[in-house]
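Participant: Each chain, letter by letter, is given below.
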Amino acid sequence: MRALPGLLAARAPTPRLLLLLQCLLATARPSSADGSAPEHSSMPVEKNITLERPSNVNLTCQFTTSGDLNAVNVTWKKDSEQLENNYLVSATGSTLYTQYRFTIINSKQMGSYSCFFREEKEQRGTFNFKVPELHGKNKPLISYVGDSTVLTCKCQNCFPLNWTWYSTNGSVKVPVGVQMNKYVINGTYANETKLKITQLLEEDGGSYWCHALFQVGESEEHIELVVLSYLVPLKPFLAIVAEVVLLVAAILLCEKYTQKEKKHSDEGKEFEQTEQLKSDDSNGIENNVPRHRKNESLGQ
Amino acid sequence: MARRTEPPDGGWGWVVVLSAFFQSALVFGVLRSFGVFFVEFVAAFGEQAARVSWIASIGIAVQQFGSPVGSALSTKFGPRPVVMTGGILAALGMLLASFATSLTHLYLSIGLLSGSGWALTFAPTLACLSCYFSRRRSLATGLALTGVGLSSFAFAPFFQWLLSHYAWRGSLLLVSALSLHLVACGALLRPPSLAEDPAVGGPRAQLTSLLHHGPFLRYTVALTLINTGYFIPYLHLVAHLQDLDWDPLPAAFLLSVAAISDLVGRVVSGWLGDAVPGPVTRLLMLWTTLTGVSLALFPVARAPTALVALAVAYGFTSGALAPLAFSVLPELVGTKRIYCGLGLLQMIESIGGLLGPPLSGYLRDVTGNYTASFVVAGAFLLSGSGILLTLPDFFSCFSTTTSRPQDLVTEAPDIKVSLPKEGLEED
Numbered sequence: 001m002r003a004l005p006g007l008l009a010a011r012a013p014t015p016r017l018l019l020l021l022q023c024l025l026a027t028a029r030p031s032s033a034d035g036s037a038p039e040h041s042s043m044p045v046e047k048n049i050t051l052e053r054p055s056n057v058n059l060t061c062q063f064t065t066s067g068d069l070n071a072v073n074v075t076w077k078k079d080s081e082q083l084e085n086n087y088l089v090s091a092t093g094s095t096l097y098t099q100y101r102f103t104i105i106n107s108k109q110m111g112s113y114s115c116f117f118r119e120e121k122e123q124r125g126t127f128n129f130k131v132p133e134l135h136g137k138n139k140p141l142i143s144y145v146g147d148s149t150v151l152t153c154k155c156q157n158c159f160p161l162n163w164t165w166y167s168t169n170g171s172v173k174v175p176v177g178v179q180m181n182k183y184v185i186n187g188t189y190a191n192e193t194k195l196k197i198t199q200l201l202e203e204d205g206g207s208y209w210c211h212a213l214f215q216v217g218e219s220e221e222h223i224e225l226v227v228l229s230y231l232v233p234l235k236p237f238l239a240i241v242a243e244v245v246l247l248v249a250a251i252l253l254c255e256k257y258t259q260k261e262k263k264h265s266d267e268g269k270e271f272e273q274t275e276q277l278k279s280d281d282s283n284g285i286e287n288n289v290p291r292h293r294k295n296e297s298l299g300q
Numbered sequence: 001m002a003r004r005t006e007p008p009d010g011g012w013g014w015v016v017v018l019s020a021f022f023q024s025a026l027v028f029g030v031l032r033s034f035g036v037f038f039v040e041f042v043a044a045f046g047e048q049a050a051r052v053s054w055i056a057s058i059g060i061a062v063q064q065f066g067s068p069v070g071s072a073l074s075t076k077f078g079p080r081p082v083v084m085t086g087g088i089l090a091a092l093g094m095l096l097a098s099f100a101t102s103l104t105h106l107y108l109s110i111g112l113l114s115g116s117g118w119a120l121t122f123a124p125t126l127a128c129l130s131c132y133f134s135r136r137r138s139l140a141t142g143l144a145l146t147g148v149g150l151s152s153f154a155f156a157p158f159f160q161w162l163l164s165h166y167a168w169r170g171s172l173l174l175v176s177a178l179s180l181h182l183v184a185c186g187a188l189l190r191p192p193s194l195a196e197d198p199a200v201g202g203p204r205a206q207l208t209s210l211l212h213h214g215p216f217l218r219y220t221v222a223l224t225l226i227n228t229g230y231f232i233p234y235l236h237l238v239a240h241l242q243d244l245d246w247d248p249l250p251a252a253f254l255l256s257v258a259a260i261s262d263l264v265g266r267v268v269s270g271w272l273g274d275a276v277p278g279p280v281t282r283l284l285m286l287w288t289t290l291t292g293v294s295l296a297l298f299p300v301a302r303a304p305t306a307l308v309a310l311a312v313a314y315g316f317t318s319g320a321l322a323p324l325a326f327s328v329l330p331e332l333v334g335t336k337r338i339y340c341g342l343g344l345l346q347m348i349e350s351i352g353g354l355l356g357p358p359l360s361g362y363l364r365d366v367t368g369n370y371t372a373s374f375v376v377a378g379a380f381l382l383s384g385s386g387i388l389l390t391l392p393d394f395f396s397c398f399s400t401t402t403s404r405p406q407d408l409v410t411e412a413p414d415i416k417v418s419l420p421k422e423g424l425e426e427d
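As they're listed, the protein sequences go chains A and B. Going left to right, the first sequence walks through residues 1 to 300 as full-length UniProt numbering numbers them. Going left to right, the second sequence walks through residues 1 to 427 as full-length UniProt numbering numbers them.
Just so you know, the hints here were simulated from the structure itself, not pulled from any lab data. The structure presented is a predicted model; accordingly, all values stated were derived computationally and were not measured. C-beta atoms are modelled at their ideal positions from N, C-alpha and C, and glycine is treated no differently. Please note that the accuracy of each hint is not assured.
[Unchecked claim] Listed next, the stretches of chain A that the computed footprint assigns to chain B, with coverage defined by at least 3 CB atoms under 8 Å from CB atoms of chain B:
| id | region |
| --- | --- |
| 1 | 138 to 151 |
| 2 | 236 to 243 |
| 3 | 251 to 261 |
[Claimed, not checked] Beta-carbon label-pair distances, calculated as ranges:
| id | chain 1 | residue 1 | chain 2 | residue 2 | range |
| --- | --- | --- | --- | --- | --- |
| 4 | A | 97 | B | 46 | 53 to 61 Å |
| 5 | B | 130 | A | 264 | 25 to 33 Å |
| 6 | A | 241 | B | 45 | 24 to 32 Å |
| 7 | A | 226 | B | 46 | 18 to 26 Å |
| 8 | B | 191 | A | 264 | 19 to 27 Å |
| 9 | A | 138 | B | 389 | 49 to 57 Å |
| 10 | A | 189 | B | 367 | 15 to 23 Å |
| 11 | B | 367 | A | 181 | 35 to 43 Å |
| 12 | B | 102 | A | 187 | 20 to 28 Å |
Could you put the whole structure together from the sequences, leaning on the hints where they help?
Facilitator: Pasting the structure below:
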């Protein structure tokens, strides 16, 4: 979100107005000293920070204006409530700096922290602290009745303290691990967990949730399991098999039909040939008769 | 000696071409698109990539190894019953695979059973095609083999869609029903009404003469090496892309892009092989080298555009080398030994097809990604193309006088009949 340049240009004589947001984070244990690489961002007025362990946090907001610095009212808020202490305000040249230090121990300290600079209009910079999100697959996991399947939950670069699995019956979340056929297998690495379900039944289908527990909060992921019965693919299978049988029958019958027609035409040809032979024979018999006589006369 | 009547070169022959088209689609298209199932099997059985790769490689090897058996059975019983039996076997293998509970089950059902079914379909069909065509044989064969390319293009996303709706068990069931169409294709193979063509010299004599033929043996070694690397992308590309965080459906589409360029490569290479003068071996070596290079570059490419370009390059070059591999053989061994030579070649090169994918999977398990697998596959192809350099007539400017038919020379004891002795280049 840009720093409303159009509006500011209309308002101030000098168009140069920058809202800088500087965020210093120390991701160390609460007891140790802070000091880590600062993250600068000059344009956005909102920043998302992923945190999984308790840390010392140091937030800095930097506001440059051409007007009077003393007339700027600086406040910090967490979510909607005003924060009273722990923040410093200092000025250098035409830039106003404000710094808020605090420690994140558990989930109560997570949330949105905002710095406000009020001149005539209020400028705001926001830091959003969130626990790591679990990456989920959008497509459902499909399996069959009697089969076994494994649901996996994985966290990219984070290491939760604990994993829990829930299944939903309607809108109620019921922890998993009680039923006979479901086993929670924690993976070889701490950043993944697996739920193995054997002997699937149709009722085992539905939504499953895996919860990752951190010191500073919780994160969850949704996995959809669909359990099909064997009849589902069987119907198209039988339909295709029937189609193939019909096709083969049609091809073979067609061939027999054309062969029969060929035979008929062949028989017709043979018929003509035999007719010709018969007519030749009749001639032959007439010719044979004199020979026969000759033979007889010779024989005698 | 009975003189063979001229093959029709048309008529019912075109129906046989259609049948061969669908058969090559159903056999090789399914085999090629099996890479989509590969990812599912790895997840479902929790097994390593090497062990899952054996499924496809056993299938390929059995199909190639059993080709001579298929041709022999079809000369005895005619192509129709053999191909129909093959179709039933192939479908049965897939059907049984849908009930699999272990990887061994899949090896036996898809690898062995479906593989032998495929062996019984493809070789007899090609033989039947040769009975129907003589002048336009290469055109007919080329048209029939386009089925491979088109089906790989269509089947990869189709299988992915099936997997997303039915999971792998249901999908195997439906692929089984699809494979049953091989039976219908077999029913179309009407045996042509020709007199028997007596085999010249008997198969055993041909076999021994081939085994002593130096160039043929070198060619076999070259093709075995090529075969080892050839099938790797079709099997492991989808998994490699998912390692790079691609979604399954775009990965399957990349496979089909490779299949389209494979199709184009086949046609272009066939035309080029006829148009360019000189021995075909040189073109084969060119395509093989380019295929090896594109394979070895796969792990280097990270950006989607680079991967798409490499897939197109691999598809084109690997498709280009396929028809040439078949047409170098008559130049080497002569047309009278072609069938024996083809059967023997397929048997030996199946070793490469058997060992290639599991080796690639093993390398992936050991190193954690597919870099080594693709590089080694490219190396195999390059070494195969290197051996092609040693073939005779590679450096000559004209092709050898081979494809003229051999007339039998008869000599009676006292009357000498001298017939023109054409092209006797082998002993």
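Participant: Now look at each hint and say whether the structure bears it out.
Facilitator: Do the hints match the structure? See the list:
Counting residues of the region 138 to 151 of chain A whose CB falls under 8 Å from any CB of chain B gives 6; the rule of at least 3 is met. With 4 residues having a Cβ less than 8 Å from any Cβ of chain B, the region 236 to 243 of chain A passes the three-residue criterion, so the hint holds. Look at the region 251 to 261 of chain A against chain B: 3 of its residues bring a Cβ nearer than 8 Å to a Cβ of that chain, three or more, so the hint holds. Restraint check, residue 97 of chain A to residue 46 of chain B: a C-beta distance of roughly 56 Å satisfies the suggested window 53 to 61 Å.
With their beta carbons about 32 Å apart, residue 130 of chain B and residue 264 of chain A fall inside the hinted range of 25 to 33 Å. In this structure the hint that residue 241 of chain A and residue 45 of chain B lie 24 to 32 Å apart at CB holds, the actual value being about 27 Å. In this structure, residue 226 of chain A and residue 46 of chain B meet the distance hint of 18 to 26 Å, their C-beta atoms being roughly 21 Å apart. Under the hint 19 to 27 Å, the C-beta atoms of residue 191 of chain B and residue 264 of chain A, about 21 Å apart, fit the expected range.
Checked against the given bound of 49 to 57 Å, the beta carbons of residue 138 of chain A and residue 389 of chain B, roughly 52 Å apart, stay inside it. A C-beta distance of roughly 19 Å is found between residue 189 of chain A and residue 367 of chain B, which places it inside the suggested range of 15 to 23 Å. Taking 35 to 43 Å as the suggested C-beta distance range, the pair residue 367 of chain B and residue 181 of chain A conforms, at roughly 37 Å. Between residue 102 of chain B and residue 187 of chain A the CB atoms are about 22 Å apart, so this pair conforms to the stated range of 20 to 28 Å.
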